[in-house]
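**Q** When you get a sec, could you build the whole thing from the sequences and use the hints?
Quick note: the sequence shown, position 216, residue 224 per the numbering used here, numbers continuous.
Please note: incorrect hints may appear among the correct ones.
Result set (DSS-like, lysine-lysine): computed pairs, CA atoms no more than 27 Å apart in a straight line [what the hints assert, rightly or not]:
1. Lys243 x Lys15
2. Lys15 x Lys281
3. Lys281 x Lys229
4. Lys136 x Lys157
5. Lys243 x Lys229
With beta-carbon atoms standing in for the labels, derived distance ranges [as the list claims (entries may be wrong)]:
6. Gly274 x Glu137: 40 to 50 Å
7. Gly306 x Gln244: 16 to 26 Å
8. Ser161 x Arg14: 47 to 57 Å
9. Ser197 x Ile220: 25 to 35 Å
10. Asn192 x Glu37: 40 to 50 Å
11. Glu160 x Lys281: 41 to 51 Å
12. Arg150 x Arg31: 12 to 22 Å
13. Gln307 x Ala140: 30 to 40 Å
14. Glu249 x Glu99: 27 to 37 Å
Hints in this document: simulated from the structure, not taken from any laboratory. We put the CB at the ideal spot given by N, CA and C, even for glycine.
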Amino acid sequence: MSASARKYDLIALDLDGTVLNSRSVISEENRGAIARARAAGYHVTLCTGRGLRECRRYVDELLQQDPVVVAGGSIIAEPSSGATLHRFGLEEELVRQAAAALLRHGFPALVLKDPAVSPIDYLVVIGKERLALDPVTEWWFREMGVRAKFVESIDDDEHPEHTVRFGACGMARDMAVIASDLQNTFAESVHMHHFPAVVAPDAAKKTDEGEILHVLEVFSKDGNKASALSWVAGKQGIALERCVAMGDQINDVQMLSSVGLGIAMGNAVPQVKSLASRHTLHHDEHGVAHAIEMVLSGQW
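**A** Below, the structure is given as structure tokens:
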């Protein structure tokens, strides 16, 4: 299809549950379809809740050249150098209050930094009680090579100006209670959500049967994938109406709602499926590849 005939110019792809299958692998089918989209002249960007270090292997595997949206939309990074092109930071006093709230609820505060200018990825505030990390976060930090610094107080943060997100990990019911507390405190000054964590098999065995581990994430009010994608598209002179976005989870809702073509994965949560213009296959059935082929052919 010629550039003048196509309806879209940019394709934004979530990672976990979208580009990645249930084994956290990019299938040959998805990789090939992404390459064909680029060859056809489409910009392709990744939009993930992971930090850049946590998705580096996939950025490199896909030979990513367009900017990537990481940390849930709070950072837009240049993929090769890792330089931060733009970020949506959090106010120091807000983070201070939020960390205190998480500690009151008995959870360490996971404070994410801008890694391009901070010597650490996460500041973990554990309080005077020295609260233990949950097994899933321990596994994730170890698996991803995350640079973490553990402190008793948020006052020990040497770079408070570089915070882009804070949160916690725990059982879904606990995260819902904390989210409600934070919402009552901060109202419209923040954007937050909680959803199932990526869990290692061994870590999952340490939770009670039937329990679901959730990650709670809190950003500035503009810290989301939709705002970040708008920034990326704007730098290319592309209107959001000429963008395609694919995703599966609650942190993709705003992004899919903001573009010309929002595509829900077959494994997407109901909130995503209900607002998407199109539905593709499950992430274990190369749903990204199927959707890209439909876009390239002009059927979507």
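**Q** Decide, hint by hint, whether the structure agrees.
**A** Hints, verified against the model:
1. Lys243 x Lys15: Measuring from Cα to Cα gives roughly 19 Å; hence the hint holds.
2. Lys15 x Lys281: Distance of about 22 Å is within 27 Å: holds.
3. Lys281 x Lys229: The given pair, whose Cα atoms are some 24 Å apart, holds under the 27 Å limit.
4. Lys136 x Lys157: holds, 15 Å
5. Lys243 x Lys229: It holds: about 21 Å lies between the C-alpha atoms, which stays within 27 Å.
6. Gly274 x Glu137: 40 to 50 Å: Between Gly274 and Glu137, where Cβ atoms are some 43 Å apart, the hint holds.
7. Gly306 x Gln244: 16 to 26 Å: holds, 21 Å
8. Ser161 x Arg14: 47 to 57 Å: holds, 54 Å
9. Ser197 x Ile220: 25 to 35 Å: For Ile220 against Ser197, whose Cβ atoms are near 28 Å apart, the range 25 to 35 Å holds.
10. Asn192 x Glu37: 40 to 50 Å: holds, 46 Å
11. Glu160 x Lys281: 41 to 51 Å: Roughly 43 Å apart at Cβ, these two residues keep to the hinted range, so it holds.
12. Arg150 x Arg31: 12 to 22 Å: At 19 Å between Cβs, range holds.
13. Gln307 x Ala140: 30 to 40 Å: Violated, at about 52 Å.
14. Glu249 x Glu99: 27 to 37 Å: holds, 32 Å
Taken one by one, the earlier hints fail for this structure only at number 13.
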